[in-house]
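Taken in sequence, the protein lines are chains P and A. Positions 1 to 125 (this note's numbering) are the ones given, in order, by the first sequence. Positions 1 to 149 (this note's numbering) are the ones given, in order, by the second sequence.
Derived by calculation from the structure, the hints in this document are not laboratory data. Take these hints with a grain of salt, some might be off.
[To be verified] Computed, partial: chain A to chain P, Cβ under 10 Å:
| hint | residue |
| --- | --- |
| 1 | ARG28 |
| 2 | PRO32 |
| 3 | PHE39 |
| 4 | SER75 |
| 5 | LEU77 |
| 6 | ALA80 |
| 7 | THR90 |
| 8 | ALA134 |
| 9 | LEU139 |
No residue lacks a Cβ here, since even glycine has one placed at the ideal position from N, Cα and C.
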Amino acid sequence: MSVVPAGTLYRGKVGMWSWVLHRVSGVAIFFFLLVHVLDTALVRVSPEAYDIVIQSYKTPIIGLAELGLVGAILFHGLNGVRIILVDFWSKGTRYQNVMFWIVLVLAIGITAYFTPGHLDRILEF
Amino acid sequence: MSVQIEIPNSPRKQRVTNWEKYGWLYMRISGPLLIVLIFTHVFVNLFTGEGIKQIDFAFVAGKWADPFWQWWDVSMLWLALIHGTLGMRTIINDYTEKPKLRTSLVGTLWSVSGALILLGTLVVFTFDPCPATADPNLLPSFCEAIASN
Numbered sequence: 001m002s003v004v005p006a007g008t009l010y011r012g013k014v015g016m017w018s019w020v021l022h023r024v025s026g027v028a029i030f031f032f033l034l035v036h037v038l039d040t041a042l043v044r045v046s047p048e049a050y051d052i053v054i055q056s057y058k059t060p061i062i063g064l065a066e067l068g069l070v071g072a073i074l075f076h077g078l079n080g081v082r083i084i085l086v087d088f089w090s091k092g093t094r095y096q097n098v099m100f101w102i103v104l105v106l107a108i109g110i111t112a113y114f115t116p117g118h119l120d121r122i123l124e125f
Numbered sequence: 001m002s003v004q005i006e007i008p009n010s011p012r013k014q015r016v017t018n019w020e021k022y023g024w025l026y027m028r029i030s031g032p033l034l035i036v037l038i039f040t041h042v043f044v045n046l047f048t049g050e051g052i053k054q055i056d057f058a059f060v061a062g063k064w065a066d067p068f069w070q071w072w073d074v075s076m077l078w079l080a081l082i083h084g085t086l087g088m089r090t091i092i093n094d095y096t097e098k099p100k101l102r103t104s105l106v107g108t109l110w111s112v113s114g115a116l117i118l119l120g121t122l123v124v125f126t127f128d129p130c131p132a133t134a135d136p137n138l139l140p141s142f143c144e145a146i147a148s149n
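Here chain A stands alone, though its shape is the one from the complex (with noise of 0.2 Å):
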């Protein structure tokens, strides 16, 4: 008695996406785009100017008045929690032997991330650098002129 295989070294059928390859493929892509994103969010906030002394709502006020750094900040909140999001699911792999803890782990993972994605793109696209009711002396200084229109 001795089991046929008929072509034992054909390739496996792939009938759906392969998800793991893009996961794969997304690491290797985002990566690159991420070095050049944070590298100089971290150069542009901490090592240059007052560094960590600088930042405060009026810092965050000025770049955000500019689409430019909207849109560098935006991307690298989705291109890093999803880079980050597609790690911490390769760890819980790794780690968990429960299908069911597995599971509930990447969902709970999932979850968290989207929640932050949506909340830091609603952020940063409703931003008012300028809002009627703060002290002033918070605001950036443009909001003066804007003020005294």
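Isolated chain P, as found in the complex (with noise of 0.2 Å):
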């Protein structure tokens, strides 16, 4: 029987796989940026070339990737102020867990708030 390490402070727990979910949905965001500043761009085009760009968004399937999207930026937005909090506040490393699960309920909660509403205008597109 091999021995498991107990691990660090670190490896395994939350400060690990916040930090991980912070880099996946800061590229995700960044890729998502790019994008979307080329197909804004399309208005200066003219306005068929915006609407007929701007329908793909009102489809299904990129629809459910909205709902990701719209969460990676709650979750990344609401860590980088638990990040902050740490940095900044003389209590924040002592908070620093419980900050993580109230980030997620967060980011879970409000992208779960918005759910239905979306989920019935892209379905009937």
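Using the hints, put the two chains back together into the complex; each one sits in its own frame.
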């Protein structure tokens, strides 16, 4: 039997997974931002060009990806506040664990609140 | 034989601007601003009214007819792209081992971001909500009043 290491204060715990999620959500948002600047730039080409491309945001598959985007933005923004509090608030490190769960509950909760209305709009398309 | 270190714990001399520090600070200053800007952007465009269904040329034109939303969106563009680029740069620095690869990736990253910041800024400030040759049905309602004058 190999001994499973107990880990450190960091590895395998909230600190590590919040870091992973922050990174993954950040990269996802960055690539969406590149696409979003380009699709919005089409308003300068013609109303027809913009409207045709923006139709794709109203289809079920891209619509579902938008739920992921909203969740990623909420998590990244709220976890960013957590990082700032850890850096600048004297009690930040003491509460970093509970702050992570607050961030997760808020991000999932607000996304869940947004989901039914958004699903209605993309599924009737 | 021993090496003499005169004052071992004296601080390292900073001869040039500490860009890493300013990059670190930028993330923490732009972050809260972006929360206000982007959360409002998503709320107005996706949570209220008809949500994603309402997004079309007329919707964008209606917003950008007001300098308030032009400046809102341009602020978002600059702050978010620089924030995202600094974040991506951190990731490139973490995972690339060859200095030449690292330099070329970071160079490409800043070029792409710079081009998009320029493009986006030009689009917002040279935008015409009522292009003369466009189908009037696709334009915001206030264009009729302008056309009939």
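Hints versus structure:
With 10 Å as the threshold, the beta carbon of ARG28/A comes within range of chain P, its nearest partner Cβ sitting at about 5 Å, so the hint holds. For PRO32/A, the shortest C-beta to C-beta distance to chain P is roughly 7 Å, which falls under 10 Å, so the interface hint holds. For PHE39/A, the shortest C-beta to C-beta distance to chain P is roughly 7 Å, which falls under 10 Å, so the interface hint holds. Below 10 Å, beta-carbon pairs count as interface contacts, and SER75/A has none with chain P, the closest being about 14 Å; its hint is therefore violated.
Because the smallest distance between the Cβ of LEU77/A and any Cβ of chain P comes to about 7 Å, under 10 Å, the interface hint for this residue holds. Taken as an interface hint, ALA80/A checks out: its beta carbon lies about 6 Å from the nearest beta carbon of chain P, inside 10 Å. About 9 Å separates the beta-carbon of THR90/A from the nearest beta-carbon of chain P, less than 10 Å, and the hint is met. For the restraint placing ALA134/A at the interface with chain P, the shortest Cβ-Cβ distance is roughly 5 Å, inside the 10 Å limit, so the hint holds.
Look at LEU139/A: its Cβ gets to within about 6 Å of chain P, closer than 10 Å, so that hint holds up.
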